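Asks: Based on the hints, put chain B in the right spot on chain A.
These protein sequences, in sequence, are chains A and B.
The C-terminal residue of the first sequence carries number 436 in my numbering, and the numbering is unbroken.
The C-terminal residue of the second sequence carries number 1127 in my numbering, and the numbering is unbroken.
Where hints are given, some of them may not hold.
[Unchecked claim] The calculated DSSO-like cross-link candidates involving lysine-lysine, where the alpha carbons are at most 30 angstroms apart (straight line), are: (1) B:Lys1019 - B:Lys1031; (2) B:Lys1019 - A:Lys45; (3) B:Lys1075 - A:Lys45; (4) B:Lys1075 - A:Lys49; (5) B:Lys1019 - A:Lys49; (6) A:Lys313 - B:Lys1019; (7) B:Lys1123 - A:Lys313; (8) A:Lys313 - A:Lys349.
The set of hints was computed from the structure by calculation and includes no laboratory data.
No experiment lies behind these values; they were computed from the predicted model shown.
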Amino acid sequence: MNDPAWIETALTAARPQAVAALLRYFRDLDRAEEAFQEACLRALKSWPKNGPPRDPAAWLIFVGRNAGVDGVRRDSRLRPLPEEDQISDLSDAETDIAEKLDESAYRDDILRLLFVCCHPDLPTTQQIALALRIVSGLTVPQIARAFLVSEAAMEQRITRAKAKIARAGVPFEAPDREARAERLSTVGAMLYLVFNEGYSARASDVARTREAERSASVFAEEAIRLARLMVKLFPAEPEIAGLLALMLLQHARSPARFDADGQIVLLEDQNRTLWNGAMIAEGVAMLDKALRHARPGPYQLQAAIAATHARAKSAVETDWAAIDLLYRTLEAVQPSPVVTLNRSVAINKLAGPEAALALIDPLAERLSGYFYFHGLRGGLLSELGRRAEAVEAFNRAISLANSPAEAAHIRRHLDKLGEAPKTARETAHLSRTTNV
Amino acid sequence: MLYAILCYNHEDVVGAWSKEEDDAVMARLMKITGKLQDEGRLGPVARLMPTSAATTLRKGADEPLVIDGPFAETKEQFLGFYLVDCETLDDALTIARDLAEANPGGGSYEIRPVGFYQPATPKAETR
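The shape of chain B in the complex, shown without the other chains:
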């Protein structure tokens, strides 16, 4: 089954990392995703820009309302996700534990099974 591993953390803390710290964390995470990739279990991975870059479209009775900022003002923000093919929930939890270890400090991972998945690659280059 495909699992989404959703990453939550204080974005202020992540934003205060120096470039070196950020690079080191990314390198450690790449090791984990690299292994999953080799095993053919890795789906798309995304790291989102800070919520300052977010815009929210709220559906209402009339025209949807476009609001600057994230959907919810929360203490921890949704920062990114991994899609991974896992046999069991335990498998997915093991991967989340590895990710947690590679990424020091606070934060949480929400593990949620994927109900519908449409793989696609946008043409636009991603930086």
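So that you can see chain A by itself, here it is in the shape it has in the complex:
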């Protein structure tokens, strides 16, 4: 009942809510974190004796506030608060505080905590590191491993980021509707960055240690956990639900994305039985809920594309017409050459390589430094028998590869070029897109 492993899990689960509330009390990130640490230490002493409290987050907020106030008391005279021993087995005080902190206060607390991590002056890697450290409570070594930097370097990055936030000041006024919507969208984008850091990390270097891989997957799982929390706090926001759906549908495929040698396995070749069916089911359920609002947005559209792939029992059963339509809609909502590039994969399936090439050729200038553009283009050209141009495009792609795995992947196709006429299926291999 009270084994320490369970207590650890409960502390992790309560962390975002507790640190967020403590930040509101103390208006200082460091003090809020210290107060939470102190509350955790006291929980480790008290919970095995007294049993877990009914509401761990409320307990930690209450005790953390006392502990933090103890620290402040040295400088100023404040009224002492009851000791946690008096509240640990009986929940009057706990219930009291939980009631005071109603759902809407929690909501804005957590949103604020996530929002301060996305300070626009911070580079995205620092935003990610900060959110994982402060909100999720990952350790500095864990974060450092996934970013492949030393612990000291990561410690320094996080300290600097915190100092920048402290200087900028934390926005404590309760946000109005518009400000809340803005914060929500900023936080959503940051969570997606955290997720993608985990999603793409494995692809960035074949030589990564298994340990680094595991920490990267922790990122993706943390992003999903935080997105779930956001969906619970803001249940009627279809884009937040869409974001969670997108993450679940993409992460569900991760067991099939690399083979035993660490080589990339593209969507078409993945062993679909390795996909996580429970995660796909939850993603599809979330998307269904989101679409009911009839307020589509980029996350819902990308999730719908991922769901279309997930629904196909085999690669040949993929509904490319639906995918084309979804990408067209995404192009209208959020125009980007990368979206058009992704759509050309569907066009290749529906109308052939000539049509696909015609769609992407106008993108040449804007995507000249983009690995996937040249990889896909090389594939389409070789499918059309334009060998010399294909070789050139593949060579461009290799020079732009983000990882040895990507370069090796293109090289395999370059080796095959000339040996046999390309099939449509092989071209599709080269069309791995960023999101699908």
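Replies: The following block gives chain B in isolation, referenced to the frame of chain A:
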């Protein structure tokens, strides 16, 4: 008599389990349900998705209202259930105790006798 054993817990805590922890708990629970199955006493078992996936239809005077989220914002959430054939309430409590032991941490089981039961298997595959 058929009893429903309804499981309540903090879903945040359950959601924070690692895959390994989750698998280990599920394996221990399967041992208990496996035994009940062999004895021919096990009815359907369901583990629900997180309440973030829930939608609520509230009946009102006019059109029912469809709301995102679970029926009630509670500290502990309804996470799943077992249906078990038991001679007595004590029997059902013994099973709930076994389930509690296999599943560490907080939470509660509500044991409620079943009033009406219609066994059926949906055609759609469940994952």
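Asks: Each of the hints needs a verdict: does it hold here or not?
Replies: Checked hints:
1. As the CA atoms of B:Lys1019 and B:Lys1031 are separated by approximately 18 angstroms, the hinted pair is consistent with the 30 angstroms bound.
2. Using a Cα cut-off of 30 angstroms, the hinted pair B:Lys1019 and A:Lys45 holds, with the two alpha carbons roughly 27 angstroms apart.
3. For a cut-off of 30 angstroms, the pair hint linking B:Lys1075 to A:Lys45 stands: about 23 angstroms separates their Cα positions.
4. Between B:Lys1075 and A:Lys49, the direct Cα distance comes to roughly 22 angstroms. Compliance with the 30 angstroms bound is thereby established for this hinted pair.
5. For the hint linking B:Lys1019 to A:Lys49, the alpha-carbon distance of about 28 angstroms falls within 30 angstroms, and the restraint holds.
6. In summary, the hint linking A:Lys313 to B:Lys1019 is supported, as the alpha carbons are separated by about 25 angstroms, within the 30 angstroms threshold.
7. Taken as a hint, the B:Lys1123 and A:Lys313 pair is honoured in the structure, with Cα atoms around 18 angstroms apart against an allowance of 30 angstroms.
8. Restraint check for A:Lys313 and A:Lys349: the C-alpha separation of about 17 angstroms stays at or below 30 angstroms, so the hint holds.
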